[in-house]
Amino acid sequence: MSRPTKQIHLAAHFPGVNNTTVWSDPAAGSQIEFSSFVHLARAAERAKFDFFFLAEGLRLREQNGRIHDLDVVGRPDTFTVLAAIAAVTDRLGLAGTINSTFNEPYEVARQFASLDHLSAGRAAWNVVTSWDAFTGENFRRGGYLAEQDRYERARRFLHTAWELFDSWHGDEIIADKDTGQFLREPGPGAFAHHDDFFDISGQFNVPRSPQGRPVIFQAGDSDAGREFAASSADAIFSRHSTFEEGQAFYADIKGRLAKFGRRPDQLVVLPAATFVLGDTDAEARERAEVIRHQQVSGATAILFAEQLWNRDLSSYDPDGPVPEVDPLPGENTISKGRASVRMFDDRLATVRQWRELSEAKKLSLREVVIEVTGRQSFIGSAATVAETINRFVQQDASDGFILVPHIVPGGLDDFADQVVPLLQERGVFRAEYTGTTLREHLGLELPG
Amino acid sequence: MTPRPPLHLALALDGAGWHPAAWREPRARTAELLDARYWTDLVQEAERGLLDFVTIEDSLGLQSDRFDGPDDRTDRVRGRLDAVLIAARVAPLTTRIGLVPSVIAGHTEPFHISKAIATLDYVSAGRGGLRVRAGSGGAEAALFGRRQIPGITVADLDRPEVVALITELFDEAADYVEVVRRLWDSWEDDAEIRDVATGRFVDRDKLHYIDFEGRWFSVRGPSIVPRPPQGQPLVTVLGHNTVPYRLGARQADVVYVTPRDADDARRIVGEIRTEQDAAGRGDETVHVFADLVVHLADSAAQAADNRARLDERAGAPQGSDAHIVAGTPGELADLLLDWQSAGLAGFRLRPATIPHDLEGITRGLVGELQSRGAFRTAYEAATLRGLLGLARPANRYAAAAAATNSTAAV
Ligand SMILES: Cc1cc2nc3c(=O)[nH]c(=O)nc-3n(C[C@H](O)[C@H](O)[C@H](O)COP(=O)(O)O)c2cc1C
Chain B
1 MSRPTKQIHL AAHFPGVNNT TVWSDPAAGS QIEFSSFVHL ARAAERAKFD FFFLAEGLRL
61 REQNGRIHDL DVVGRPDTFT VLAAIAAVTD RLGLAGTINS TFNEPYEVAR QFASLDHLSA
121 GRAAWNVVTS WDAFTGENFR RGGYLAEQDR YERARRFLHT AWELFDSWHG DEIIADKDTG
181 QFLREPGPGA FAHHDDFFDI SGQFNVPRSP QGRPVIFQAG DSDAGREFAA SSADAIFSRH
241 STFEEGQAFY ADIKGRLAKF GRRPDQLVVL PAATFVLGDT DAEARERAEV IRHQQVSGAT
301 AILFAEQLWN RDLSSYDPDG PVPEVDPLPG ENTISKGRAS VRMFDDRLAT VRQWRELSEA
361 KKLSLREVVI EVTGRQSFIG SAATVAETIN RFVQQDASDG FILVPHIVPG GLDDFADQVV
421 PLLQERGVFR AEYTGTTLRE HLGLELPG
Chain P
449 MTPRPPLHLA LALDGAGWHP AAWREPRART AELLDARYWT DLVQEAERGL LDFVTIEDSL
509 GLQSDRFDGP DDRTDRVRGR LDAVLIAARV APLTTRIGLV PSVIAGHTEP FHISKAIATL
569 DYVSAGRGGL RVRAGSGGAE AALFGRRQIP GITVADLDRP EVVALITELF DEAADYVEVV
629 RRLWDSWEDD AEIRDVATGR FVDRDKLHYI DFEGRWFSVR GPSIVPRPPQ GQPLVTVLGH
689 NTVPYRLGAR QADVVYVTPR DADDARRIVG EIRTEQDAAG RGDETVHVFA DLVVHLADSA
749 AQAADNRARL DERAGAPQGS DAHIVAGTPG ELADLLLDWQ SAGLAGFRLR PATIPHDLEG
809 ITRGLVGELQ SRGAFRTAYE AATLRGLLGL ARPANRYAAA AAATNSTAAV
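Protein chains in written order, with my numbering: chain B, 1 to 448; chain P, 449 to 858.
One thing to keep in mind: the hints can contain errors.
[As the list claims (entries may be wrong)] Partial pick of chain P residues on the chain B-facing surface, computed with a CB cut under 8 Å:
no., residue
1, 453
2, 484
3, 509
4, 665
[As the list claims (entries may be wrong)] To spell it out: a stretch of chain P is covered by chain B in this simulated footprint if at least three of its residues, at any positions, have a beta carbon under 8 Å from a beta carbon of chain B; those stretches are:
no., segment
5, 466-479
6, 520-527
7, 532-541
8, 549-559
9, 632-643
10, 651-658
11, 668-674
In short, the hints are calculated from the structure, not lab data.
Because the structure is a prediction, the values reported are computed rather than measured.
Each residue gets a CB set at the ideal place from its N, CA and C atoms; glycine is no exception.
Assemble the whole structure, with the sequences as input and the hints as a guide.
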């Protein structure tokens, strides 16, 4: 029995504060003016993408105790800019990353329910769990959550928010002008939630929104993160975008669903991916090389190496060999406010790999960084990229991708105009929106 | 004769209007109170009327006729949307009118609100502001569960420990606004340099820690949002007595007050000026606006009838902190010009019903004022501060940095 062809899901990630965003290109526009957000969102909607996606970080990154200045710095407030984008789009889903450590459920539930009303059912919440005291210094609740508590708080936070969304069923308001009865019964939205993290009660003040609850995303990769996603999320945003890693991650996460009584189609797997197009595959590869060098300047390479070595390497030459000093063990003190730092769990082993790579391929430090930090990119002609993406999805390396252009605001235009039509021709991507809500775009049921 | 200072008009939006029976009016769009289209239409109508700005009411808890906590009524509008999100949703569909949502200081994070209003200022290209409400205790605190604040009832308002508590809540709100404002300044205007030669996106010497340490919270900064287009979006506060006037005098650009008549307005303006001097802001512009609930009709008798009919439907005369006016647009214009001479810079009008009284303002009152040369006939500025005659403020940190440099140079 041949399996049915899967429909691909695609999303547009507004390029953020990582070095993947090339701000030095003459075509690079503002990272903060609203016109940039309108441009990218409209390109995504023209291409019938599922949704627009915003990441978030609540403290400017620092390296060596100073604000990191080599990458883009600064971004807008998530809820506010998504509500504004709702005004200039019709169908595009609006996904916001909101942290469960430095927020409170009552306020976040109000904001997402409001966004869902104001966008007629297009809101999604990417629940992230950064918990560090460094970020906590910006908040009155202050900050610090033991690492092992972060998913426990996230889980409780999400369940509390669900109680608030569900505190209105949708039939409370009758608004009969003749009889003067607005509410069917007194006391709508009543809730009382008590656990180790949250002790709250009252009446929620936003009536039930079009989607009932926003679509829930999770982005986190540890075992606890995957369990959280498998138990509670509608979609997962991952870093596993190569074919093999993607397939392994896909099998792992979908395999976790059954124990929570869920079906595989109830969790959509969407890795982040970049892309570079050209008239030919060779031209695309050449452009990709140039872009990689824009993304990893010599100074950026040193900073990356410092994160791994956990020590000051400013006296080293990025175009020279990989530093021969050993990394400093212990807590990473050099770089703050970055989720990626935790990737370097075994520093010594990683440094050894870098040295081997450098020797084997005769690469400078900068070239090593370019090589090891390159994430999956779809590089090629539009036909090649369309074919590759389709193959990844049909062979369960993912259910689609959250595409991260490298340039604001025009970075998605060519993909929208050249790749999407090919996917549509193949019948693997919608030619028109068939639904109005994000749940419909993603094939998710309305919550009960 | 000195020319009359310009008169400013703000429109206060809340649900179907400020009369509790407004939602039952034939033209009320009661089924649409949670729809973007509804709010867009109202603000676009206000913009056609050339009003300075709209405010959008909000509360953390469900609307209630009780002072503290929900009531059991079923005959009033209940349920609302976050006001900052409504303002942002409307921003791209309007071009000149200011957008001033309510925010509640007691339980929320100043860091979040600062970046939200800065972003509102970006998506509206310089038309953002906020109206700050102090937190309250009891039922509102229970929604967040992070602190115990006793509930306050109307009967207790004069008890010394309650006065002390309210004073504290407003002092906290003042700290809150201080943090919000410092974060707006935490990036200098020209901090983003995009220097390709050195590979630097920002000049980090132009990003500043705010290092606020207060009794209720400390916040390090800088903001994650660059300095907003207006530099400092508009800060406004509503007050009925000395404690909130003091908050306004310390931190606001506009204070809304609720005088009974012109003399009362004069007294209140005087009190605010005294507080302003005490706060060391005597040389800064703090506009005082009077709040009025308005019923408008072609004849005074019709306006009075409308009000009586609505009161009857509601089962009681409307209770209001603000003076209620029922009359023709011409009569309202007379009243505004009379009160203006008491030192008011403008008015925040609360339409009793929407759309009827809102259109009475934008189509009736505005025309009356224009024909007397007392109101603008076209928008004269692109930002909200510009409409209100407020300069774009210098950045406190840039000024400090410049001072340090020039000292160093000596
Ligand atoms: C693809 C991906 C995107 C993420 N995006 C954000 C983000 O925008 N903001 C944030 O604070 N954390 C973000 N995170 C961090 C996670 O929320 C989480 O804190 C981190 O991955 C550590 O959890 P883990 O050990 O489960 O991976 C992201 C993680 C992944 C895998």
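Here is how each hint holds up against the structure:
{"no.": "1", "hint": "453", "in the structure": "33 Å, violated"}
{"no.": "2", "hint": "484", "in the structure": "5 Å, holds"}
{"no.": "3", "hint": "509", "in the structure": "6 Å, holds"}
{"no.": "4", "hint": "665", "in the structure": "3 Å, holds"}
{"no.": "5", "hint": "466-479", "in the structure": "holds (count 8)"}
{"no.": "6", "hint": "520-527", "in the structure": "holds (count 8)"}
{"no.": "7", "hint": "532-541", "in the structure": "holds (count 9)"}
{"no.": "8", "hint": "549-559", "in the structure": "holds (count 5)"}
{"no.": "9", "hint": "632-643", "in the structure": "holds (count 3)"}
{"no.": "10", "hint": "651-658", "in the structure": "holds (count 3)"}
{"no.": "11", "hint": "668-674", "in the structure": "holds (count 6)"}
Taken one by one, the earlier hints fail for this structure only at number 1.
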